[in-house]
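Undergrad: Make the full structure from the sequences, and use the hints.
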Amino acid sequence: MSRNRTLLFILAVYVSLAFLLSSLVVKPSFYGLSTILGTTLLGTTTLGLTLLGITSLVQVYAEALSMGQLAISLIAICMLVYLELSDPSYGKTRSLIEELRKSWLPLTAVLVLLFALIVFFRILAVLA
Amino acid sequence: MLVDFSTLDLRQFGEFPARLLLTALALVCVSTISFYILTALLGYTYELLLFSNVVFVTVGLVTLFINGVRGSLAVDLLYFVVVLVLVEEVLLNSVWAWYGLALAFFVFALLPLVGIVVAGKNESVRIVFEVCGLLLATRIVFSPFPMTLLESGIFLPAVYTLIMSGVIAYLWFRKVPFGKIGLSWGTIRLYFQVVAGVSVGAILGLVEYFILRPKPIEVGSSMISNVLYLVVTMMVFVGLTEELLFRGLLQSYTAELMPKWQAVHLTALIFALFHIGWLNPLEVVFAYSAGVAFGYLLIKTSGLTAPVVAHGFGNIVLYMLALVA
Numbered sequence: 870m871s872r873n874r875t876l877l878f879i880l881a882v883y884v885s886l887a888f889l890l891s892s893l894v895v896k897p898s899f900y901g902l903s904t905i906l907g908t909t910l911l912g913t914t915t916l917g918l919t920l921l922g923i924t925s926l927v928q929v930y931a932e933a934l935s936m937g938q939l940a941i942s943l944i945a946i947c948m949l950v951y952l953e954l955s956d957p958s959y960g961k962t963r964s965l966i967e968e969l970r971k972s973w974l975p976l977t978a979v980l981v982l983l984f985a986l987i988v989f990f991r992i993l994a995v996l997a
Numbered sequence: 574m575l576v577d578f579s580t581l582d583l584r585q586f587g588e589f590p591a592r593l594l595l596t597a598l599a600l601v602c603v604s605t606i607s608f609y610i611l612t613a614l615l616g617y618t619y620e621l622l623l624f625s626n627v628v629f630v631t632v633g634l635v636t637l638f639i640n641g642v643r644g645s646l647a648v649d650l651l652y653f654v655v656v657l658v659l660v661e662e663v664l665l666n667s668v669w670a671w672y673g674l675a676l677a678f679f680v681f682a683l684l685p686l687v688g689i690v691v692a693g694k695n696e697s698v699r700i701v702f703e704v705c706g707l708l709l710a711t712r713i714v715f716s717p718f719p720m721t722l723l724e725s726g727i728f729l730p731a732v733y734t735l736i737m738s739g740v741i742a743y744l745w746f747r748k749v750p751f752g753k754i755g756l757s758w759g760t761i762r763l764y765f766q767v768v769a770g771v772s773v774g775a776i777l778g779l780v781e782y783f784i785l786r787p788k789p790i791e792v793g794s795s796m797i798s799n800v801l802y803l804v805v806t807m808m809v810f811v812g813l814t815e816e817l818l819f820r821g822l823l824q825s826y827t828a829e830l831m832p833k834w835q836a837v838h839l840t841a842l843i844f845a846l847f848h849i850g851w852l853n854p855l856e857v858v859f860a861y862s863a864g865v866a867f868g869y870l871l872i873k874t875s876g877l878t879a880p881v882v883a884h885g886f887g888n889i890v891l892y893m894l895a896l897v898a
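Chains as they are written, first to last, in the working numbering: chain S, 870 to 997; chain A, 574 to 898.
In short, the hints are calculated from the structure, not lab data.
Virtual Cβ for every residue (Gly too), placed ideally from N, Cα, C.
Not one of these hints is a red herring.
Listed next, with one range per pair, are the computed distances between beta-carbon atoms:
(1) G752(A) <-> I946(S): 36 to 42 Å
(2) I992(S) <-> V668(A): 28 to 34 Å
(3) W758(A) <-> K971(S): 30 to 36 Å
The following residues of chain S were derived to be distant from chain A, with all beta-carbon distances above 10 Å:
(4) L952
(5) S955
(6) Y959
(7) K961
(8) T962
(9) V995
(10) L996
TA: See the structure below:
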């Protein structure tokens, strides 16, 4: 394994351990304060609440997320079809198609992972 | 306020920090003044949020147009990406959230294609556009989770682990050299990098607390556990992930297309726009300043240690103040 790959592996282990630790400890009652991610859904500053009440925000985002799940599924399917059709083993293709295949490959992997999570949470919801 | 910096003799200061400082000062001053004028005119409404951010981006881009390198299609398209991020964030943080999310999906898939078309054989251009797509993926990763989970304490680690997995997969796939994105020990002693990070982070955390004035956090009896959660979440997830994406990947590769000061400015602009979710225009201006500070630390130390520590520690200070309050 090259040095870069070893470092990536260490990074992955480091993040996994941090995730494990953070899921074990008792969490304070805040969500996403001052992060680029958490703010979108659950920013709870006084000014934020004045502008858009948290109740209406939650309702709006619940609808957006369900549409997002549909979009993830559709885009993931489209990208998988594209990856299959542009597979070099079928024969030579234009360089643009090949390059796009390389660029979309990691993005498709992300979308497939998200799709698996959607399925997982749906199954959990049914079982619950 | 928009001075043509090219007429100034910057050699006495060192061109990079002087240009960066002047640009940042101009943007912060104009945006802050316009925020107070707009507040007086509009009150605290959604229009205030919209117009303040439009002014912020317009001034930020105008300073780049006046003083920055142009003429390259890739650079001009990057400016357009800033506008796209503004539109996406403004929509996402409104009652039209779905349209913002749809735009995020569209740009996420489109930018790699744009990168290929404009890059030619320039690998850096391609990576810059792919990373911009990855940034938009940070909006998409919310979608699979049920609302109940998003409101729980495990949400932050879960989402950030997902994003970090995507980043690691990307680094693996693209074979990005670690030294180039700051994943190294840096050119100065590690001790100084940590001290610099802690100092900058403490100041930023304090300033951000007074800008946001978050509601006091209820702790209960588990203070130590809460603080441990805070340190792990802010340092590992927030600090490392965001700095790796913005400074490590975006700024480092953008700096190959334009002067360093311009790359820091542009990255900080995009970083700031991702803070529109606070629904507080001053927070966006603050995030820009913080982005400039983190970018400067990366360039001066040639490593991500100082920016990660500054970012993480800044957030820890903010939370600790909210805890103590």
